[in-house]
Amino acid sequence: MKFYNRENELARLKEIASLSADSAHLMVLTGRRRVGKTELIRKFAEEQEQVLYFFVSKKKPLVLLEEFRELLSVRIPILKTVVFNNFRDFFTFLFMQMEQKPLFIIFDEFQNFQQVDPSVFSTLQDIWDRRKDVIKGAIICVGSVQTLMQEIFEGAKEPLFGRVTARLYLKPLEANVIADLLREQKVDPAKQLLFYYTLFGGIPKYYFLLDRYRLFGNDRTEIIRKFFCECDALLQQEGKELLIEEFGKNYHLYFSVLQVIASGVTQMARIADCAGINVNSISKYLEELTSNYQIIERRVPVTETRNEQKNGRYYLKDQLLRFWFRYIFSNQSMLAIGDEDGLLAKIGGDLQTLMEWSFEDLIRTLLLERNDTTVIPFRFSKIGGFWNKSGDVEIDIVAMEDETGNILIGECKLNGNRFTNAEAQRLKVKAESIAWRKGSRKEYYALFCLEDVSALTARSLAEEGVSVYTLENMLRAKGHL
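The opening residue of the sequence shown carries number 1 in the working numbering; numbering runs sequentially from there.
Hints are computed from structural coordinates only; laboratory data are not their basis. Using N, Cα and C, we set each Cβ at its ideal position, and we do this for glycine too. Be careful, since some hints might not be right.
Using C-beta positions, here's what the derived DEER-type ranges look like [said to hold, decoys possible]:
(1) 15 with 388: 21 to 29 Å
(2) 438 with 263: 34 to 42 Å
(3) 218 with 350: 17 to 25 Å
(4) 454 with 391: 42 to 50 Å
(5) 350 with 74: 51 to 59 Å
(6) 317 with 74: 27 to 35 Å
(7) 476 with 425: 25 to 33 Å
(8) 156 with 133: 56 to 64 Å
(9) 131 with 218: 49 to 57 Å
Quick list of in silico lysine-lysine cross-link-like pairs, DSS-like style, CA-CA up to 30 Å [as the list claims (entries may be wrong)]:
(10) 132 with 310
(11) 157 with 132
(12) 43 with 157
(13) 310 with 430
(14) 240 with 43
All chains, full assembly: derive it from the sequences and hints.
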């Protein structure tokens, strides 16, 4: 499968490469596992002459040093006579080479040095401080364990604190890129994007696996079976593989919280109750999951500030983790006895609900990606959902423009034909609960739906002042059909 998108990230790396011709840079590249950090680096390296790539595996120091020496000997023949007794010898040699010519030195899974030899960080800091003004090139530290990378480079008491000259956080692929990917795989994005997005989000590795197993376009049940339900399924342990190292020995507490949130419980007190954690303690876990691990996000009504405490709700940011905690982690007993068909039936009976939630996220994502009036009639400065404190008013999509006073109020439905005139009228009534610029705003009403609506439904909604946006039309407007 070809390399998709990442033009902005490659441009950033090329910028550092250009600057490094005259000076030295210490760059940190982070992002979720499977998001494509290594592939990005490889793509970048294809256009560079002097790149040295080292994967930091969890081995004894001397074993890893010998591995590094062998890798270097391929590029620098004189090294065959050199022995690295410790990492100071290794880094000193690298910096000596960088004094002679610009080099791009990449350490993949850099955080693993913590278990190989923690003194590496102080050693690197010492040599960097003494030689950074006489070397050229860049040292690029790639890491997947967010908390460890933050501790290593952002901890005020850590040796490498304040040494970083460039940062890059690699995000998942945008929804429109996934649509392009599906189309090239002969899959209709208008019909199938939501399903693939619900399971895999924008993580390139999962689409690579779909390609390798020739599953693009296959029956949905077969894809879920192959990846999650059958014995030794490829992604059956994915949540554990992604998160246990992040969470450490208390991972079961965080997993309990994530399972509850994935089930649809979003308010703090109810999360605490369902997870069996004291309500006075739950804020600690939610804060860590939000700020430190960046696995969940706290949302507030779009008209309020993010610091508003009483009306916030918590959601998993990652689509695959939401699927995994909702169906796989919560059904370990079924997996243990090999009840593959039972689990598939359970997932199939509930997947529509999860896809409805994902559809809201997908619509917001697409609107953000094309905030240029080609989809809705104005550029917005804020977008999100709205709900009141009592919870009896909820609106899926609210987009606002502070300067002009334009506001779009929208509902998301998989089947737009089920959105009646009565519901359109209720949407207008719910809009009255939004206090923002009341009396001086221009209101637009919208129905976002997965499939096209009938001509009769479209006409009746138009009479109510509700515009209909289908996923197909939104993708066509963006040039991805």
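Results of checking the hints against the structure:
1. 15 with 388: 21 to 29 Å: 46 Å, violated
2. 438 with 263: 34 to 42 Å: Between residue 438 and residue 263, where Cβ atoms are some 36 Å apart, the hint holds.
3. 218 with 350: 17 to 25 Å: 21 Å, holds
4. 454 with 391: 42 to 50 Å: 32 Å, violated
5. 350 with 74: 51 to 59 Å: 52 Å, holds
6. 317 with 74: 27 to 35 Å: 41 Å, violated
7. 476 with 425: 25 to 33 Å: 29 Å, holds
8. 156 with 133: 56 to 64 Å: 24 Å, violated
9. 131 with 218: 49 to 57 Å: 55 Å, holds
10. 132 with 310: 49 Å, violated
11. 157 with 132: 21 Å, holds
12. 43 with 157: 35 Å, violated
13. 310 with 430: Since the Cα atoms of residue 310 and residue 430 sit roughly 21 Å apart, the hinted pair holds (cutoff 30 Å).
14. 240 with 43: Roughly 29 Å between the alpha carbons, so the hint for residue 240 and residue 43 holds.
Checked against the numbered hints above, the structure breaks hints 1, 4, 6, 8, 10 and 12 and satisfies the rest.
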